[in-house]
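Visitor: Sequence:
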Amino acid sequence: MNPQAKLLSITSLFLGSTITITSNHWVMAWTGLEINTLAILPLISKSHHPRAIEAATKYFLVQAAASALLLFSSMTNAWYIGQWDITQLTHPTSCLLLTTAISIKLGLVPFHFWFPEILQGTSLTTGLLLATALKFPPITLLLLTSPSLNPTLLTTMAVASAALGGWAGLNQTQTRKILAFSSISHLGWMTIILVYNPKLTLITFYLYCLMTIPIFLTLDTIKTLKLTTMSTAWTKIPSLTATLMLMLLSLAGLPPLTGFLPKWLIIQELIKQEMTPTATIIALLSLLGLFFYLRLAYCATITLPPNSINHMKQWQTNKSTKMLTATFITLSIMLLPLSPMIFAAP
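Just so it is clear: in the sequence shown, position 66 is 66 by full-length UniProt numbering, and no numbers are missing.
Simulated from the structure, these hints should not be mistaken for lab results.
Hints are supplied without guarantee of correctness; some may be wrong.
[Unchecked claim] Taking CB as the label site, the calculated pair distances span: (1) Lys322 with Gln174: 19 to 29 Å; (2) Ala64 with Leu290: 50 to 60 Å; (3) Ala242 with Val27: 24 to 34 Å; (4) Thr229 with Lys322: 20 to 30 Å; (5) Leu336 with Gln273: 17 to 27 Å; (6) Ile81 with Ala326: 21 to 31 Å; (7) Pro256 with Tyr298: 12 to 22 Å; (8) Leu336 with Leu143: 20 to 30 Å.
[Unchecked claim] Straight-line C-alpha distance at most 20 Å; calculated EDC-like pairs for lysine to aspartate or glutamate: (9) Lys58 with Glu117; (10) Lys177 with Glu117; (11) Lys236 with Asp220; (12) Lys226 with Glu117; (13) Lys177 with Glu269; (14) Lys199 with Glu274; (15) Lys322 with Asp220; (16) Lys6 with Asp220; (17) Lys58 with Glu34; (18) Lys46 with Asp220; (19) Lys263 with Glu274; (20) Lys46 with Glu117; (21) Lys199 with Glu117; (22) Lys177 with Asp220; (23) Lys199 with Asp220.
Note that the structure is predicted; figures quoted are calculated from it, not measured.
Using N, Cα and C, we set each Cβ at its ideal position, and we do this for glycine too.
Given only the sequences and the hints, what does the whole structure look like? Please build it.
Guide: Here it is as C-alpha cells:
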C-alpha cells in the first residue's frame, strides 16, 4: 500500500475517533463515525484479495446502516425533546434505536454476524484496529447515554454475547475468527455493567485492548493464521511463543494475570447490585472462552508437532522482539498488583 495513502487513512482514523469522543452534538458524533468507516476501508481491502474486497464491502454496508440508524435515533429525539445534545437522549424510542445502532457498530449479539467474517478477510494488523481502536468511539457514545438506556435489554444482550462468543469460538481453527469471538464475549462483559458502573466498562475496555494488542502483534510476528501452523511456529521465536500462552490465559481471565481484574470487579459490582444469578451465569459462560484459549495455548506451546520423516521444521529467526510488543506483553500479564490503585480512584 502507498505510504502516503496509509498515512492519510491512519490520520483520518485518529481524526474521526477524536471528533466522536469530544463532541456534544449528535451530528458531529455521526460525522466522526463516518470518517472512521471511510478511513478503515482502504486498510481492509489493501491486499486486493477477493476475500478482503468482500470484507470491505460487508463492513461498509453494515457500518453505513448502523450510522443511518444512529442519525435517525438522534433526529427522533430532537423531534420529540428538542435536544441535539448527546447526554440529553431521553426519548424511549430514540434510546432503543441508539442501542441497536451501537450494537451493530460494536458487533454485539444479535448483530454480531459481520465481525468474524470481516476479521477473517483482513490482515492481523487491520484486524487489531477493528477489534480495539474502532470500538472506542461507539463505546464512548454508550457511556455518555448510559443513564437513559434500558438495563434489561443491555443485560440480555450482554449475556447472549458472552454465551455466543464462547460457544461459537469452540469450533474454530482460524486464529482471527477465535479472536473475533473472544472480542464479542468481552463486549458482553463490558455491556452488562454499563448502566450500573460506566467507569468500570471503560476500565474493562482498556484492559481488553492491553491484552489483545500483544496477541495480535505476536501472531503477526510469527505469521500464524491457523491452529495447524501455530503448532509448528514454536521454533521461530520460542520465547515469544512461550509468553503467548500467558497472554491467552490472561485474556481468559485467570488469576494472577491482568485479565482477572476486570472480571473480578464486574462480578463484585453485579453482586452489589443484587444481580447474583446474572453474575453466576456470566462467570460460568466465561468457561467456554477458557476452553478455546487453552486450546490455543496448547497448540502454541505445550504440544509438539508429530515428527514424521517429511515434516519440515521452520527456521528460527534472529529477529528480536520489538520494544512495543514486549511492553504490551508485560502489561497484559502483570497489571493485577495495580488493582488497589483502581479501587482508590475516585
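Visitor: Of the hints given before, which are not true for this structure?
Guide: The structure breaks hints 2, 3, 6, 13, 21 and 23; every other hint is satisfied.
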